[in-house]
Amino acid sequence: AQWLGWRLRVPAIVFLLAGGLIAGPFTGALDPDTTFGDLLFPAVSVAVAVILFEGALGLGWRGVKVAGRTVWMLLTVGAFTTLVLTMLAGRLLLDISWDLAVLLACVLVVTGPTVIGPIVRSIGLHGRLAAVLEAEGTLIDPIGAILTVLVFQAAFESGDGGSVATDLLETLGVGALIGVVAAAVLFVALRRFLIPDQLHNVTTLATVIGAFALSSEIRAESGLVAVTVMGIALASQTRVSVRHVLEFNETLRIIFISGLFVLLGARIELATLRELEWRNIAFLVALVLVVRPLSVFLSTLGSQLGRRERVFLALTAPRGIVAAAIASIFSLRLAEAGVKDSQQLVSATFTVIAGTVLLSGLGSKALGRRLGLLSEPPRTIVVLGANDLAIAFAGALEKQGATVRMVDLNRRQLAAARMSGLPTTRGSVFSDDTWEKIGVHQAALFVAMTRNDELNALAARHAAAVLGRKQVFQIPPGRPEHKAWWELPAGTFARPLFGLETTHAALQERMEQGWKVSTTRLTEQFGPQQHAEMHPDAIPLFFVHANGTIDL
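Just so you know, this note's numbering puts 466 at position 466 of the sequence shown, and the rest follows in order with no gaps.
Treat the hints as calculated values from the structure; they're not laboratory data. Since we're looking at a predicted model, the values are computed, not measured. Any given hint might turn out to be false.
Unchecked claim - Have a look at the derived ranges for each label pair, beta carbon to beta carbon: (1) R191 to G338: 53 to 59 Å; (2) K340 to I22: 30 to 36 Å; (3) D432 to Q304: 37 to 43 Å.
Unchecked claim - Below, in silico cross-link-like pairs of lysine to any residue (SDA-like), each with a Cα-Cα straight-line distance of 25 Å or less: (4) K365 to R307; (5) K340 to A286; (6) K516 to K437; (7) K437 to G363; (8) K437 to R379; (9) K399 to F193; (10) K365 to P423; (11) K470 to S303; (12) K399 to K365; (13) K399 to K470; (14) K399 to S303; (15) K437 to S420; (16) K470 to V544; (17) K365 to A286; (18) K399 to R243; (19) K437 to R121; (20) K365 to D388; (21) K399 to F542.
Virtual Cβ for every residue (Gly too), placed ideally from N, Cα, C.
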């Protein structure tokens, strides 16, 4: 499903949910409640905690600042508006009690990162709008879970309704405190090299689960707050690199999200699907076309978001596994308490989850493209190094219609590149600010062409972590002792540029002898083979296809 989603550029959660429905209610091959028993919800909770931590670690305080005032308005004004309007919609359209309507509103206030993250990545959404969506999804989940617990206690367990606000603040405080302490402990351990490198990932995972369990034990549902704060705190410090931890957790995120959405689809009962009536559909429509747009409108008054960004934000609010898990747990507790229409909580929640996942999963790309918010297919080729060889190579690419960006720290070389009409950026490729300026996440290719073999190798590895090894090239090392690099296991370095023997020194020597970088139009009659026969000493640098794609 993940591969299919990647190939079709459709969020994989659509295929995962469909797979769960087929495996569960349609065929009966998978019954999560029977298979996992009492371990189902604890396992789901831990998986959600790891996903939230990964989202917060990738977000960091920098991501929250990029999202800016808008995300805080969504978490306050937007959440309150969503609660009130969802409660009214539940009461009027589903014909349930006020208490149950409030509980349902708390469940559905979340926009889960288990859905938002995959959608944002799959459609290629970047910039401030992507930061707002991911920050909202990451930060609202713990708040929604806590609110549901507190409202349930106040409404159905003879709790004090007036203490909900106080309890909410206390729960947030406990979770935040434990999250900060856990992040500090892990930071000190990593900073002082108390943990060997090979145990960094597993130790981080154990700390996340431990912080989640401890916080939840002290205060119900505060564990999600703890892991979120822990992730943001770790990502915000600059003394210890956590990039390798983030990469490990990204792998876990893919595994957990895949499993969770299959379980989500499999847990939907066939009777629930058969008993869907106009009330459920009307409730879904109200949430998508009235509640979300109004909450976004009120939250973005005076914000820097443009009208098109607001429209996309207003029509994108899929619910995920957190809402499903909360609804399932409290539906059972409501049934045990003898509350009438308790099954409506699950029915309405799963209708909203399935509807919003399908709408956002299948429609977000078309909506973003219609609004002009999606990046065009990546075309920029980032060339590291502004020496004569790199300038000649980049100039030839630009003449063929490619967009090129030269990156270097040497002012003189950059000036020469600009004199050739090439766009340049001065900065270190190991600086996050430089990566932001050159927009490397949207680059088609990254090519390391400096004279320094070590710099090329390190920069290529850095770029491969963002673009993937398929899109990253480095000119082969020139010194004899460095040629042994290519005998190391595959994946150690980037793909060799031009060929293993076409080192920087070899190409530079040719240029000094008068060789030029030139282009030749190939046809069916005069193809690469005929060109090689006519020019046996020529070195092919790149091929430009009729559709504009470039092969190195």
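Each hint tested on the structure:
1. Between R191 and G338, the C-beta spacing of about 54 Å keeps the proposed range 53 to 59 Å intact.
2. As the Cβ distance of K340 to I22 is approximately 33 Å, the hint placing it in 30 to 36 Å holds.
3. Take D432 and Q304: their Cβ atoms lie about 22 Å apart, and the range 37 to 43 Å is violated.
4. Distance hint between K365 and R307 is fulfilled; the C-alpha atoms sit about 17 Å from each other, no more than 25 Å.
5. Distance hint between K340 and A286 is fulfilled; the C-alpha atoms sit about 24 Å from each other, no more than 25 Å.
6. A hinted pair counts as satisfied when its Cα atoms are at most 25 Å apart, and K516 with K437 does not qualify at roughly 31 Å.
7. Simply put, K437 and G363 have alpha-carbon atoms about 30 Å apart, too far for the 25 Å limit, and the pair is violated.
8. With a CA separation close to 16 Å, the supplied pair K437 and R379 stays within the 25 Å bound.
9. Restraint check for K399 and F193: not satisfied, since their Cα atoms lie roughly 51 Å apart, outside the 25 Å limit.
10. Of the supplied pair hints, the one linking K365 and P423 is violated, its CA atoms being roughly 30 Å apart against a limit of 25 Å.
11. For the proposed pair K470 and S303, the alpha carbon gap of about 39 Å is over 25 Å, so the pair is violated.
12. Annotation: proposed proximity of K399 to K365 is violated, straight-line Cα distance about 32 Å (limit 25 Å).
13. Distance check on the hinted pair: K399 and K470 sit about 24 Å apart at the alpha-carbon level, within 25 Å; holds.
14. Proposed proximity of K399 and S303 is contradicted: the alpha carbons are some 41 Å apart, above 25 Å.
15. With a CA separation close to 21 Å, the supplied pair K437 and S420 stays within the 25 Å bound.
16. Taking the CA atoms of K470 and V544, the gap is near 17 Å; set against the 25 Å cutoff, the hint holds.
17. Taking the CA atoms of K365 and A286, the gap is about 22 Å. The hint holds against a cut of 25 Å.
18. Using a Cα cut-off of 25 Å, the hinted pair K399 and R243 is violated, with the two alpha carbons roughly 37 Å apart.
19. Taking the CA atoms of K437 and R121, the gap is near 20 Å; set against the 25 Å cutoff, the hint holds.
20. Annotation: proposed proximity of K365 to D388 is violated, straight-line Cα distance about 41 Å (limit 25 Å).
21. Using a Cα cut-off of 25 Å, the hinted pair K399 and F542 holds, with the two alpha carbons roughly 13 Å apart.
Hint check: violations occur at hints 3, 6, 7, 9, 10, 11, 12, 14, 18, 20; the rest are consistent with the structure.
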